[in-house]
Every structure is written in structure tokens, then in C-alpha cells.
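Asker: With these hints in hand, go ahead and build the complete structure from the sequences.
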Amino acid sequence: MPRDPNNPRALPEQSEWTFDLIEHAHEEIRRVARKFGLDTYPNQLEIITAEQMMDAYTSVGMPVSYNHWSFGKHFLSTEKSYKRGQMGLAYEIVINSNPCIAYLMEENSLTMQALVIAHAAYGHNSFFKGNYLFRTWTDADAIVDYMVFAKNYIAECEQRYGIDAVELLLDSCHALSNYGVDRYKRPAKLSMAQENARQKEREEYAQSQVNALWRTVPRRDEEAADAPPPRFPPEPEENLLYFIEKYAPLLEPWQREMVRITRKISQYFYPQRQTQVMNEGWATFWHYTILQELYKEGIVGDGFMMEFLQSHTNVVYQPSATSPHYNGINPYALGFAMMSDIRRICEDPTEEDRDWFPDMAGSDWRTTLDFAMRNFKDESFIAQYLSPKLIRDFHFFAVLDDDRNDKLTISAIHDERGYRYVRQQLAEQYNLGNREPNIQVWQVNTRDDRALTLRHTQFQRRPLNQQAQEVLKHVARLWGFDVRLETVDPTGNVSSSIECKREKRNRGG
Amino acid sequence: MTYLIDRRLQGKNKSAINRERFLRRYKSQIKDAVGRAIKGRSITDIENGEKVSIPVKDVNEPHFGHAHGGVWETVNPGNKEYQKGDQFNRPKGGGGAGRGKAGNSDQTTEDDFIFELSREEFMNYFFEDLELPNMVKTQLTQTTEFKNQRAGYNMSGTPSNIHVLRSLRGALGRRIAVGGNSRRALIRAERELVELLEEGVALDAPRVVELKHLIHHLHTKLIAIPFIDPFDLRYSNRIKVPKPMTQAVMFCIMDVSGSMDESRKDTAKRFFILLYLFLKRAYDKIDVVFIRHHTAAAEVDEDEFFHSRESGGTVVSSALNLLQKIIGERYASGEWNSYVAQASDGDNWDNDSVLCKQLLINTIMPTVQYYTYVEITDGPPQNLWEQYAEVGDHHQNFAMQKIVTPADIYPVFRELFKKQPK
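As given, the protein sequences belong to chains A and B, one line each in that order.
Under the working numbering, the first residue of the first sequence carries the number 2, and numbering increases by one thereafter.
Under the working numbering, the first residue of the second sequence carries the number 25, and numbering increases by one thereafter.
Be a bit skeptical, because a hint or two may be false.
Stated by the list, open to error - Partial list, derived from the structure: chain A residues whose beta carbon lies under 10 angstroms from chain B:
#	residue
1	Phe398
2	Thr410
3	Ser412
4	Leu486
What the hints contain is simulated information worked out from the structure, not anything from laboratory work.
Note that the Cβ used here is the ideal one computed from N, Cα and C, for glycine as well.
Answerer: Structure below.
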């Protein structure tokens, strides 16, 4: 139904936004979102300029962040491509905090602002609040406070120990940021008040622990000197930054605290990296559904919808693998298609759907979709919900590239024999554990040279990249002594290793 | 509860400090780029930003990742013709169907990381070599100079700008105007009262009492007129006016004999650029004239001036003669301020140096604002230097300096700079 001019709630047909119109549009979107049962944090919408949007990009979307040259580099490259017109800025940035902060860029038209509100302030927001990963790993109430704490703490360290010392340490921590997360353990929540109160205590305690470990006072004779020392750490440790924070022999207390800060921040972003398809798919599905509903009610008109649909179709465009524009699977396209498909299976199932998804076919789509949003991550979501119809629609095919063969092989296509295989492979592709090399702390030589050994357990015989040697230097800088990285093949034999020797005179630098 | 916040007016340059950190880290590369830019640019084009490129591998932040190799099985969209079991050759150079996007972080392109230095940043790097005092730097980086000038009076302004005389004059006028009727009535009433009393009317006569009341009333009314009212206040109005600028001509004279090699020419160029920048602060329009010489002098364009190679002996007076001729023909003093910058390695024919000295003292120096001479050499002074030193004794507006590195250039201008009106 086109816009109904007699409807008192109808939005005026104009592209310029005003504060009143944004409030108005937001009110309508909120009403529809509530009707669909979206549960969100309170919203805080902030109007910003394009320049501020670039600033926000630079600090990974956080409203405050500490200073580092890499953010400057990011800013320069964003600014360059934006000025040359190679790239438009993202329409929206949304922060997983309570209240949920969504940025609206002042250049956007009224339609785009409505789209962003529906997408970010209701789509992403409800995902942040509902998805299990975000619920366990992040604390929306505390993150902004924590960033303020981090910024102040690091600024203070710069004052006290010099910008260069802090920069070197942050460089090393950033190099390991992907290895600063607990994948299996559940984290404790953090808040600024507790952080501040506990930080002093933690510093002293941590230092005393380290000292105990490295104690050099001779032990009593009866502790047989020839008995092999107990293995340390007793179990391999996957969280490299955690291990360094707790056990690196030479770090000062403030350095341990900074390692901890970078570790906490990368832990905070870990769920986002695991739910790209779902998160974007969910937000896209909801902006589409909410705005369609507003159109049905006659609140927005044809012009609004044309503009909205044009940018919507751009967002969900998926070039094929042979296209020069192909750059992997577009998470918006796949996510949106899957979310819409779940609704379709619930409302209008085919025989095939009843076969594949007997529980879902005919169920209430809102309940089913809500369940999917809450309890999955990309990998399991795809493994559970990718339907044969979508595999056909996307013309998915799996390619096997084994470096022992000269040729690539098509291992499955979108046919009866291939559906399950393609689905499994695609899910694997989103498994962060497979995408990143599996590197863990293996052993520390506590008796002798204090060398640290890391182990890379090979997955599918994939080698490490060229940067590994560089990263190892950073590990050695943090650890303070020699570091070895061994690559282990599936049978458990060390197949190769690289090493970074630490000269005595360089220590502490 | 929803909040809608307008953040547009606050915190514009949040990233400025991160940007500065970046520049700090890559200072040496940026300095190299600035040095190259100075070589490549025209003197008059010096005040622009510059693109700086740094090899990507230098700015890369390393992370553990997978390289290509081993087994990769990827799912891609858009199958057109493949069937299960089809085989095809590995595509070259990445891209296409054989490669998913997962984890191939090794495939960084070898492009340079390019970014723009702003004009201020560029100038700062340029100045750093020259070791300019800070005050000079700011003077040179300022875009336009304004001066405050009085421009009448205003009804509004800050208390410190209240103009007392004007305000009180206004107040007086207002009091006269507002009190006019009452004052006239008062005068009439007083005159009548005096007349009545002179006629001997009793003090308690009704008319007398009435007049007394009226007089009292009018007095009160006049006193109630405020002595000064906000309406009376006048403020001195000051406006910013761009400094008046005039025109100047700058002569660049350089010895291009064989002994001036590339690095000396580069130093000379920085010397010329600096003079140009100084002049640009003071003058609206600047003509630049390039004169190069070996045994004979010629006026050339900038490109030829810096880049063509000549060899042979050196006769400095040939350039001075040409300079004098050009000033006489095209820049007759009065309308133009002439500045001369001469760079040389100090070689000259023995008997020519005396001639140069006389030319300068007698004919050239009286017609130019300032004459600067740099000798780019690390050897002992030669006869040209000794002769020129005498010129300095005769004329205040002559400066000379022996320079080895660009840092030595600035002292030449110190005197010149002091003389510039603020």
C-alpha cells in the first residue's frame, strides 16, 4: 500500500531529515519492532559528520580508545579512499553497549536514517542482547567504562614510561591479539570500578607468582636434583596473551596490565568475528521486514521504498565466483537469504523443506527465528539451517585444492548428492578454529634458559604465513627470552620449527 | 527510552593524535619523500601538501595466519558449468574460483601505502632541515596576515571595548532629548513662581502652592531620567583587515659551472625556496627571475635553471651586469621591491671579483632591498668571498654565508627577517 496522506502518522515525502522527523521515524520503527517482539537495549542515536565517522572507524567503532599509530594508519587509508571517492563510508556503526550507541551520518537522507535505525538500533541491537556468545563473552554495561579505564591507564603509562616504550609493547600485543582469547573457558565480567580496585592487588599478586616460578634460591638437597622438573605449563595454553600476562618473567606490572587490556579488548570482539553472517543477516532481515511493514501500513511512500530498496539490493548483492568483483561470500547476502529462508520454511514449506526441517516447517516463524538468533554462531548456524533451496539459489559448489595434485577438483555441487557436503564445508569455512592457525603454549624451560616453546598444530597441512617470523619477534619481546615455534603434523611429530633468539643486551627493550 | 544526540559539533579530530603517532613512527620515510618533493617541485609551488608513499611491508602489522599450501576446500557461489569430479588448472595469481577468502592473509598486495601530508605538515618537515626558530616557522606557515583596525563604533561588544566618551556623549544627548518637555515646563513654572512672589502674592496662595507642587514633581521626573542607560553604551569596533601587500621581484642567481654538482644545486634550491617563502609573507605578488651564469649569464626558466648542465669557467660579473640590466628595464625601483639571492661555490676569475664588488657597491645595492649570497663549499674562502665581505661593510642590507648543509641557510635570512615589519 502506498503512503496514506490521511494517516496522521505518515512520514512526509522528503529526503531532508530533521530531528523531529528522525524521532518520528524512530518511534514508528520502535513500534513495529516491538510488535515483532524484538528485545533490545535502550537506544542512543548519535548524529555525526563524515569526518567523525572516519574517526569512529579508526577506533574500531569504540567511542573511546587508547592511542596507537596503527589507528592513525587506518585513519589515513580510510581518509584517502574516501576523499578520492573510491569508497563510500559505511552508513552505520553500532556499538555493543548498554545503551546501544548507533551512529547516524549527517549526509544520509531521511530514508537512509530510517534504514540505519531499523538495521542497527533494532537489528544489531537485539542480536547483541540475545545471542549467547555476546551474552557470555561481553558485558554491554561495562564496555564503555572499561575503554575509558584502558585509555586513561595507557595514557598514564605513556606519561610515566615514555611513548616509545608503550608503543613497542602495544605493537607486540596487537600482533598476538587473535591469540588473546579464551575459546573454551567462560570469562569473568569486568567493570571499571572492579578493575580499578582489583588492579593494584592483581599487580602485586601476579608479580609474586612470577617470582615464585622463577625462584633461583637453591632448594634443599633432598629435592633430588636429577628428577626432571615438573612440566610447565602442565596443560598447553591457547591464550598466549593470558599466559604472557601471568608468567612472562621480565614484564613490569604496568606492562602486564597493558597486555591484559589488549587481551580483554580482543576477547570483547571475539563474538563479532564468530557471528558475521548471522549478525549482518539478522540486522538486514529486520530492516527489510520493518520497513516493508511501515510501507504496508501506509506510513512510508513509494519514493521512500524505491530509495530503500536500491541500497538494500546493493548490500545483499552476491557476485558469482567467476566475476571480477568476487571477493568471497558476502555475509549480508548469505545471512539475509538464510534468515528470510527460515521464515519461508515456517510459513510456506515445500515437501523438501518438510523432509529436511520437520521441526521448523509450519512453526511460528518468529519463535523459530528468535531461537536461531540466540543459540548459534556462524558455523553451527549454517550447519543447522542452510537449506537445499538456498544452495541451489546461490549455485554453491565446493572446490578441493590439494597442493599434492596439479589440478583443482570440484568436490560437490548443488545437487542431491552434494547438499549435505556443501553445507558441511561451508560451515567449516566459518569455523574460526580452522581459519586461524592453531598455536598454543607448549612448554617453558624453567630450569635452564627460560625459553618458551609454542606449538602450531597443523590443520590440513596448511603452512604458516611469512609473517610468522615477525610475530615471533614480538612474542620474544614480551617473553624476554628465546622463543621457538614448532609445527606439528597430525601424527604428532615436529615437522619444522622457527626460532627467535633473544640477545642478552636487548632484554627489556 | 531513546536518546537522540547531536554530536556533530564536538570532537572532530579524535584521530589527530593517532595520525600524529603514525607520522612520528615513519618520520624518516616521510622526510625522504619530502626531500624528493622539494627537488621535484617548482619554487613557487612549495606550499602544498604532498603525497607520501611507504612500502606496505614497512607499515604492515604482522599476524599469524595460513599461507597457501596444504589442503583448502572452499565453497563458492555462482556455479555455471561444473559437475562433481570436474578438474581444472589452478588459477594463477590468486582470485577466481580456486581460492576462498578464508585466511589467506599472506596475499597482501605489494602496493605502497600512500597518504597525503597536509600543507602544514609538509612545511614542518621542510623547515626541520633548515633548523628555523619556532617563531619563524609559525610566521611562515600562517596563511594570511591580518591586522586589527578600528572601524567606528558598535552597539554591542565586550566591556573592555566600551568607548567612554562616545557613551557619555550619547547619554547626555538622550537625557536632553528625554527631559526636554519637563525641563521647559519647569523653567516656565519657576519663572511664574518668581514673578508671582515678586508681585507679593502670599506664600500660601493656591496658585503658589500649585506651582510649588508642579516644580517638585518636575524635578523628581528629571532626576528619574537615568544618567546612563545600556542603550547609550558604545563600543569601539575593530575589524580584521588583510595586511596591505605590495609586489616584489626575486632574482635567483646561480653559478652553473662544472663544479656545482647536484647536491650543491639542491642546497641552493632550498636557499631560494626559503627566500621565496619569506617574501611571500610580505608581498602580494612576487616575480621570480632566474639568472644562471658560467662565463656568460642568461635569463632562463626554472626548469633549465636547476636541471641543465653546463661547464667551463666562471665570471660572476656577467650575471651582475645582466641583473642590473633587468632591474633597469623591467623592475624600475619605486614600484617593485627587489631581492637577490645568489648561490655559488665561490669560484671566480681573479680579476673579476674586484669588478663584482664595485658593481655591487656602486650600482646594484642602492636599487635592491636585500642581497643575499651563499657560498656552498667546505673549502677555504676564495677571492670572491673576500671582495664580497667588503660589500657587507658598505651596505647593511647585504648578507652572506658559507654553507655546507641546509641547516646553515637560515642565518643568512636572520637579518632580513628582523627587518620585516610585524
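Asker: Please name the hints from earlier in the document that this structure breaks, with their numbers sorted from lowest to highest.
Answerer: Result: no hint breaks.
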